[in-house]
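Undergrad: In case you want the letters, here they are:
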Amino acid sequence: MSATATRPSPTAGLYETDFWSFVDNGEVRMQRSRSTGKLRYPPSPVCPDTLDPEFDWVPIEGSARLLAWTVFRRTYFPTIPAPYTVVVVQISEGPIMVGHLDGDQSATLRHDLAMELAFDTVETETGPRQLSTWLPTSRPTQSPTHATRNTHD
Amino acid sequence: MPDEKRLDLLRGATAVVGIGETSYGRDHAAVRSGNALTDAYGYAATALAHALADSGLSKFDIDGLIAGPTLATERLGEVLGIETRWADQADAVNAVVKAAMAIQAGLAECIALVYGNDQRAVGTRYGGPGAYGAQKHLAYSYFAPWGLTSQGALYALMANAYMAQTGLTESELGEFVVAQRRYAQLNPNAVMRRDLTLPDYIAGETICDPLRIFDYCLVNDGGVALIITTADRATTLATEPVLIQGIGRSDMNRGATTLGPRLIDFYRPAHRQAAEQVYNMAEVAQSDIDSVQVYDSFSIHVPVALDGFGFCPPGEPGALARQGLGPGRRLAVNTSGGHLSESYMQGWNHQIEAVKQVRGHAGERQVPNTRHVQYISDVAGKTMSIIYGRRN
Chain L
1 MSATATRPSP TAGLYETDFW SFVDNGEVRM QRSRSTGKLR YPPSPVCPDT LDPEFDWVPI
61 EGSARLLAWT VFRRTYFPTI PAPYTVVVVQ ISEGPIMVGH LDGDQSATLR HDLAMELAFD
121 TVETETGPRQ LSTWLPTSRP TQSPTHATRN THD
Chain R
154 MPDEKRLDLL RGATAVVGIG ETSYGRDHAA VRSGNALTDA YGYAATALAH ALADSGLSKF
214 DIDGLIAGPT LATERLGEVL GIETRWADQA DAVNAVVKAA MAIQAGLAEC IALVYGNDQR
274 AVGTRYGGPG AYGAQKHLAY SYFAPWGLTS QGALYALMAN AYMAQTGLTE SELGEFVVAQ
334 RRYAQLNPNA VMRRDLTLPD YIAGETICDP LRIFDYCLVN DGGVALIITT ADRATTLATE
394 PVLIQGIGRS DMNRGATTLG PRLIDFYRPA HRQAAEQVYN MAEVAQSDID SVQVYDSFSI
454 HVPVALDGFG FCPPGEPGAL ARQGLGPGRR LAVNTSGGHL SESYMQGWNH QIEAVKQVRG
514 HAGERQVPNT RHVQYISDVA GKTMSIIYGR RN
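So the sequences go chain by chain: L and R.
For what it's worth, our numbering labels the leading residue of the first sequence as 1, then goes sequentially.
For what it's worth, our numbering labels the leading residue of the second sequence as 154, then goes sequentially.
Quick caveat, the hints were computed from the structure, so don't treat them as lab data.
Just so it is clear, CB atoms sit at the ideal spot from N, CA and C, and this is done for glycine as well.
Hints are not guaranteed to be accurate.
[What the hints assert, rightly or not] According to the in silico footprint, chain L covers these stretches of chain R (three or more CB under 8 Å from chain L): (1) 278-286; (2) 298-311; (3) 350-360; (4) 408-414.
[Said to hold, decoys possible] As a list, the in silico SDA-like pairs of lysine to any residue whose alpha-carbon atoms are at most 25 Å apart: (5) 289/R with 27/L; (6) 158/R with 262/R; (7) 289/R with 41/L; (8) 38/L with 16/L; (9) 212/R with 227/R; (10) 289/R with 50/L; (11) 38/L with 407/R; (12) 289/R with 77/L; (13) 38/L with 290/R; (14) 289/R with 59/L.
If we strip away everything but chain L, and leave its shape as in the complex, we get (with noise of 0.2 Å):
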């Protein structure tokens, strides 16, 4: 269903330019501040801790903890529709994100969960793209063509 559900497009900003252009490769980098080695999302113009500005793009490895999880039972936006499960996990570098799956996963979460990196490929307004996601690790995906997972080197 993610392959054809239109979801609204992100948040635009000039920060975001380059981080959703690592996306759009099949990479989640986030920005590490060049005085504290921290990484920092979503992505911001300045170090959190010392207002530096300098930072790199790095990738973020792409394992993580889940936190928490909900299953949406009411449809909010048209092309999205209900039930669907949002998963928030903290990745090993500390960072927070959101992921989507489609249908009642609830079933299959726990928390604390391992959860690994994972990319969706979904039609936005401004047409085709990638979207990170997060699944349970070494669980099967959910499809052919659900996930397109994420290697790294």
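Since the structure of chain L is provided, determine the placement of chain R on it from the hints.
TA: Chain R alone, transformed into the frame defined by chain L:
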């Protein structure tokens, strides 16, 4: 750091001398049947007229105006015909604090705080495209590509994590909801006054797991107004002044967009700081608090805030449910029915209920011998608390 000596000077320096509100229940029925009675400014004007009558003041005594977030301050002043020496715009609790600050600073003497909302008639959306509030909180819009929208969903995520950590059960959460309905049944002005049992609550439609329809606040139209002046001026008026005795505030901003404060901290650091500040400033112990009014856009706010502020042993909100909630029980919470059952006036109706309780004017839902009422809100981790009380 907040300065305790300067806060000492602010304690009890200002007082609420007038309150007004519209007829939530009556208006909800009319709007539901398709009649837009008036607009947001009209509800606001009705509420102010009631507050002026309540205080015995005239419109010409008002030299300051604070508009709720749904109204433009200039347009409100124009509609009400008030020229001001001081004006601002704020949500409910910040409006009270700003009024106290302006009066204490000597910038105005008598400030009207005015709110009006026609959200139901105009179809305000709280989720999906164009969701309300997204300009203030990036989390409300940032996750749209993943289908994560609506403040209800953000609180459902918080409930998911909080209930797992504390063991709070769905039935215990439901006890908070049905208790507020029982208070609303004693409130002639409340919107929702039908019986709501725990089985009714559990059978309610799930919107975003684990939150059900009865965990979500109302969407209704109405207006609220308060008049605040100096404590000295208040003693010349007929109504018993309700003093602003304590203020507490602590904001969690870091990681706000990606929900860390909600899902990892449950706002507890902010709760602790705001609690310490408000009780110290008011010179009141928690055991002196006769009722607590908690901003409840979603039911989960209530156990989370009571837990964080220390009304139960840490991480044991279920203990409050098991002790028993509702009229006549030990801990009186949201005694008007709150946002869930009285009216969704974005915290404004909680201030009105606090004042009524301190005055002893809350009718059948009055908590006996009330001297102090505490208000708490922690929307998106910006935690604020006010203690209202009687003059000694």
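Undergrad: Now, for every hint given, state plainly whether the structure supports it.
TA: Structure-based check of each hint:
| no. | hint | verdict |
| --- | --- | --- |
| 1 | 278-286 | holds (count 3) |
| 2 | 298-311 | holds (count 10) |
| 3 | 350-360 | holds (count 3) |
| 4 | 408-414 | holds (count 5) |
| 5 | 289/R with 27/L | 30 Å, violated |
| 6 | 158/R with 262/R | 23 Å, holds |
| 7 | 289/R with 41/L | 18 Å, holds |
| 8 | 38/L with 16/L | 18 Å, holds |
| 9 | 212/R with 227/R | 16 Å, holds |
| 10 | 289/R with 50/L | 24 Å, holds |
| 11 | 38/L with 407/R | 14 Å, holds |
| 12 | 289/R with 77/L | 21 Å, holds |
| 13 | 38/L with 290/R | 23 Å, holds |
| 14 | 289/R with 59/L | 30 Å, violated |
Figure legend: structure checked against the earlier numbered hints; hints not met, in rising order: 5, 14.
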